[in-house]
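Sequence order for the protein chains is A and B.
Per my numbering, the very first residue in the first sequence carries number 15; after that it's consecutive.
Per my numbering, the very first residue in the second sequence carries number 1113; after that it's consecutive.
Keep in mind the hints are simulated off the structure, nothing from the lab.
You may find that some hints are simply not true.
Unchecked claim - Chain B is nowhere near these chain A residues, computed Cβ spacing over 12 Å in every case:
no.: 1; residue: 56
no.: 2; residue: 154
no.: 3; residue: 180
no.: 4; residue: 185
no.: 5; residue: 220
no.: 6; residue: 237
To be verified - Simulated coverage check for chain B against chain A, where a stretch passes if three residues somewhere in it have a Cβ under 8 Å from a Cβ of chain A:
no.: 7; segment: 1161-1172
no.: 8; segment: 1616-1627
Quick reminder that beta carbons are idealized off the backbone N, C-alpha and C, glycines included.
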Amino acid sequence: MASSYNAKEEDGHHSGAPAHGGAAAAAAKSKKPDNTAFKQQRLPAWQPILTAGTVLPAFFVIGLIFIPIGIGLFVTSNNIREFEVTATPTRDTSNVFMYYGLSNFYQNHRRYVKSRDDSQLYGDRSALTNPSKECEPYRMSDGQAIAPCGAIANSLFNDTLELYHIDSNGTRNTIPLVKKGIAWWTDKHVKFRNPGGNNNLTAAFRGTSKPVNWRKPVYDLDPSDPDNNGFINEDFIVWMRTAALPTFRKLYRIIQKKAVTTPTLPSGRYVLNISYNYPVLSFDGRKRMILSTISWMGGKNPFLGIAYITVGSICFFLGVVLLIIHHKYDTRNNSADIPN
Amino acid sequence: MNAKAVVVDGVFKKKERHVKANARDFNDKFSYADNRIKTSKYDIFTFLPINLFEQLQRVANAYFLVLLTLQLIPEISSLSWFTTIVPLVLVLVITAVKDATDDYFRHKSDQQVNNRQSQVLSGGSLQNEKWMNVRVGDIIKLENNQFVTADILLLCSSEPNGLCYIETAELDGETNLKVRQALTITSDLGDISKLMDFDGEVVCEPPNNKLDKFTGTLYWRDSKYPLDNGKVLLRGCVLRNTEWCFGMVIFAGLQTKLMQNCGRTNFKRTSIDKLMNTLVLWIFAFLICMGVILGMGNTIWESRIGRNFQAFLPLSELQSSAVFSGFLTFWSYIINLNTVVPISLYVSVEVLRLGHSYFINWDRKMYHRQTDTAAEARTTTLNEELGQVEFVFSDKTGTLTQNIMVFSKCSINGRKYGDVYDEFDQKVEITDKTACVDFSSNPLCDRGFKFYDGSLSEAVKLEDAAVQEFFRLLALCHTVMLEEKSEGLLVYQAQSPDEEALVTAARNFGFVFRARTPETITLCEMGRTVTYHLLAILDFNNVRKRMSVIVRNPQGQIKLYSKGADTVIFERLDPSSDDLMCTTSEHLSEFAGEGLRTLALAYRDLDENHFEVWMKKLLFASTVIENREDQLAVLYEEIEQGLKEMLTTTAIEDKLQEGVPETIACLNLADIKIWVLTGDKLETAMNIGYSCNLLRDDMNEVFVVSGHTLLEVQQQLRSAMEHIHSLSRAGIAGDADKSDMFADDSAFEETVIAEYALVINGHSLAHALEPQLEHVLLDLACLCKAVICCRVTPMQKAQVVELVKRHRGAVTLAIGDGANDVSMIKTAHIGVGLSGQEGMQAALASDYSFAQFRYLQRLLLVHGRWSYFRMCHFLRYFFYKNFAFTLVHFWYGFFCGFSAQTVYDQWFITLFNIVYTSLPVLGMGLFDQDVSDHNSLRYPGLYKPGQRNLLFNKRQFFLCTLQGMGTSFLLFFIHYGAFFAMAREDGSHFSDQQAFAVTIATSLVIVVTVQIGLDTHYWTAVNHLFIWGSVAVYFVILFAIQSNGIFGIFPSHFPFIGTASSCLSEKSVWLVILLTTVVCVVPGLAVSFLRVDLFPTLTDKVRHLQQSRRRKRPPERNPRRVRRTSSHRSAYAFSHQQGYGELITSGKNMRTGTVSPARSPARTQHSSNWMENILKRSNEVSCISDEQHKAATV
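Isolated chain A (complex conformation):
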């Protein structure tokens, strides 16, 4: 923006000394307002104005910056391999992430969102046995407090996915799926805690009841690993982080890369084994399984790239149009037509 700093010119008229060379005492009593830049509204200021010289370059600059970013984003996004359900192998040597996706599932419904008790999940003992009213109607079951209470926990996604690679001689090799490291660090280590530490969960959860829809109590979510059981079970944590939109995906497992040169998922035939527990047909929902790699900008997301390219082009185009308009209808502000 065109600008310059200025201190507004002093007013010559009144800034002179008092008429009678007033004594200091008289001057002190005078009601004459102080001559400070603030009170006289003369604070030095930057006064930008919109001119062709500032606005048009801004448009071009935006265009010139956005278009390359957009192209970069678009290319990156396209390089991300993402496969839904029927996976095709890849030669990528990075980690491959396995997501499950649900659509038409309103995890963002107000009644659903508030149906949880963060104190209980934080390991608060009183909240464990007396959960918040927000959890209704999944608060008490058979006179016992439900742990974890509420509709979110109750609807925990409980399908199990297994991925097998069928090698050249037809044998099924289970691909190892890492189930830890899928939740946010703060969730795992701060927000979710088991009451009374991670040992002896059965005792800690005594006096509580499992959520209605669950098959097993919370302390049996992953009996094999005390660090992934109870409230700090990562599948559970991931589920509890409700999605913003009715169509969403959540990280399920990570397929760790093997070595720098070996592809994580070598080409070949794969079999996905889904133990179908989770009912979605009733509400017209869909389930998906997605395998995806990740880049510097996260997962595959063509939207950003396209949006950047579009916005960049529009800005550039706008800059050109405005330039033409400006030159064609040059009604430059000149002082000549200011009535004085």
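Guided by the hints, dock chain B onto chain A, whose structure is given.
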């Protein structure tokens, strides 16, 4: 004293009031008000409940109270209660603090008045009592220059015959002295024991607000004595020239006429206020519409999708039916979307106005050094209206003029004095720097007097006979009274400032009026004391328009000195002085053309015999009962014939206040119409009109309406109207039909190019203001460039203002200095009082006060314009911001099953308006300047958008809300697109609600901050601090409330733990934010660039000019010079009232010791009647009602 409603107690509604002197027990029976006044509203205990109650009566506050209640219902509460209560409490507290401070000052001023001391007669002696302890029926003593404590009946005074003088400046703005006289029966009570025994009972009218009327009866010693206004001293007057007086309190405290007159200051609201209220209603309607849409959406969703989704999300019992669920959702959305009606709007607007008021108070360019008065914004709620004024109603005396008459020029014997010439014989403009004549050789001179032409004093020193005679005349021919405070310190008390000016001039030139007795006038002529015998005073009246004195000088010659209106004097001149008359008359026109008030002087020698004969006739005429006045007039006429010898004229400058013509010219350029409403006479008013450039000779026509009947007035108005129409029809090729013309006046108004002025007299105005004529008057007046109403009463002033206010819908401003302007000041949208003069009534009733009329220009064109500009930009941005913020919920509704789920964190909703975005917009609203004050004054055209309401109106509101809606739409859908499939760099899913909330909130804060940055024209350090600071504060708070620590303490209130850190560490999130910012801001930028580029307004041009000039930096100054082009020959302008001639010659007002025992027969004969006459006249003078013009008709 502050204005305050006075509710007349039921007790006093009965017809009569009985007050008995020295009988508190008797008076207590009636429970009359005591003399304590209370203008404050609260005390310590009542403050909280009353203030809270008052505040909750405001629609906005009540609305938020309702919202709060709604939020407490768990089924519909979509937001927790603190989102509403935090701002609500903040607003209530800020307002309460402000109210409390206001009331504290009222308490203080009440206390100050209530604790003034007065002397009350009780227990046989005078006791000092506080004002508030004075009761009805008490007898109190007043001393010279004291304020009158309450409305009292004058009993006796130090002056002969129970006379006393008062000044009523506080009441009616008039500074000349008025006479009050006690009943003869009580006038000799001047001793405490007699007063103690006084037990008269006054029966009078109940309290009322008529300042000029009082009727009552005094019952004492079995007799009845009628009482009228002339025997009453009202609270607020000041005792003058009277050593002491005693009076009996009739009305006290709130029942005094002064307090009764104060009336309720009706709460003024600005047009922006009204518009804002309408808009808030619209927003309400819009809010309800959105609620209905979303509620219906919810019903549909529940019945189609939610039904199937019950396995995961069962309905509670309450929501068993989809319709009912929709109904509840409606309320939830009302809560969710309530931020479109931002509660902080009202409080922010108040803060802005307060800030703008302080800027007015602080402005050194509106500070008047001579009176040490700074401008004061007494009302803090009207500032932006100052930027929209279309009509200015101004008082004349004391407002346009200084009410100081200065002897400035004279023409003696054909020679002109008073101008200053330089060595090249060029007339020099007189400024403060011009050297004035040194009068220090004269020990009796008045140091305030300034005269610049040295030749006049030279002439006096050279003993030029004509010049000496001139000053002798000035020193002798007057009715001025003298007070010699100490040796040589003379104070002249004159009827009119003109007289004072003339006598003072004579004094400084060595003809000092030293003393007066009924028989003699003592002058000190060039150091010699000379005593003249005063033989007769031929007093002034409105018909004669002249006054004369007949004196015998020490040499024994009898001389008649006369002064009066030029026409009147010229008629009576001896034909021998024709030549001189020509020259003098030329000079006279010249003086008048400069806007000076002129007088002609002449004298004649009288033959002893002739005088004797005439004197006898006069004595005889004085005894006649019938037609005495007429006969005297004939006699006066007879002796005033054949004036000659010396013909001179004086010019008195009715000094305009500094800068008045410039200010008027400047306001005219800003399309502000100026109407002068004055109590003065037509000629005087027109004279001032010319001298302050309101009327000009190059105007096409000045219509004078002075008809006495309705018909006459109607006819005059119609003909003026036709005149304009016929002229302009000729101008615009006369195609339009006459009826069309009248039908479409507003359009027609624009097409009138010719300049007209309207001058209307008070009695005509009375008719013109009647319903059948008021439209004609208004239409005509609006076609005129200048309107002058003279001889108007305070009531009529208010009526005129009301007329314009009602029918034109324009913003009116009234400016005045006296109590007679109070009604108009209170009626107008904005009342401005000039302070620093004697009366403070106007300033106290006003919304803004300052010392000089010229500051009006700065108040309107600088402060008003800035206030309006800032307020409009503030509002536009505020609505934009809140729409952008809130409507995201609306779009989100379509993706969350219309469940009233909020997009943002609750804390963000709570803090967005009051913390994250309040300061930058406040900073803009307080400090923004599109053009500098210098340029605002230089280009008055910049003021016009305010008058036309261009910066903030319904259209602008629509546009800014549209922009807000667009922003919310883009904001939501860009994030929707980005989050549809988003993963973090570590692969974990990222499309969760909290990340979504934080990203969209961050984008929103950045977008609105960038927008305020673009809207800010004037980036001071404060703006930088506010803008960058707000963004910084946003991030600090964001991380604070999402930190582990705070979650550990309140896990259920801060569920967003860790979202900010995991979210804002993503590159893609920042790319989304950048994209959103550009997409939301660029369209607005392009549009405003196109507007500035293709259709620049005057403001844009001046801004551009300002900038390019600043680069070059030539500090050119070009103050507008106003030429006075008037060559108008003024008519007689002598703002004189009938004098004290009779009073003087009767000697009744003189100390007994000084009255000479030898009295001329004429005086003795007069004496039976003089008192009545004097009182009658002085009452006429003091009347501020219709009687005024009856009594003193030109």
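A quick look at each hint next to the structure:
1. 56: At about 9 Å from chain B, residue 56 of chain A fails to clear the 12 Å cut-off, so the statement is violated.
2. 154: holds (14 Å)
3. 180: With a cut-off of 12 Å, residue 180 of chain A remains clear of chain B, as the shortest Cβ separation is near 25 Å.
4. 185: Residue 185 of chain A is indeed farther than 12 Å from all Cβ atoms of chain B, at 29 Å.
5. 220: About 22 Å separates residue 220 of chain A from the closest Cβ of chain B, which puts it past 12 Å; holds.
6. 237: holds (24 Å)
7. 1161-1172: violated (count 0)
8. 1616-1627: This one is violated; 0 residues, fewer than the three required, reach chain A with a Cβ under 8 Å.
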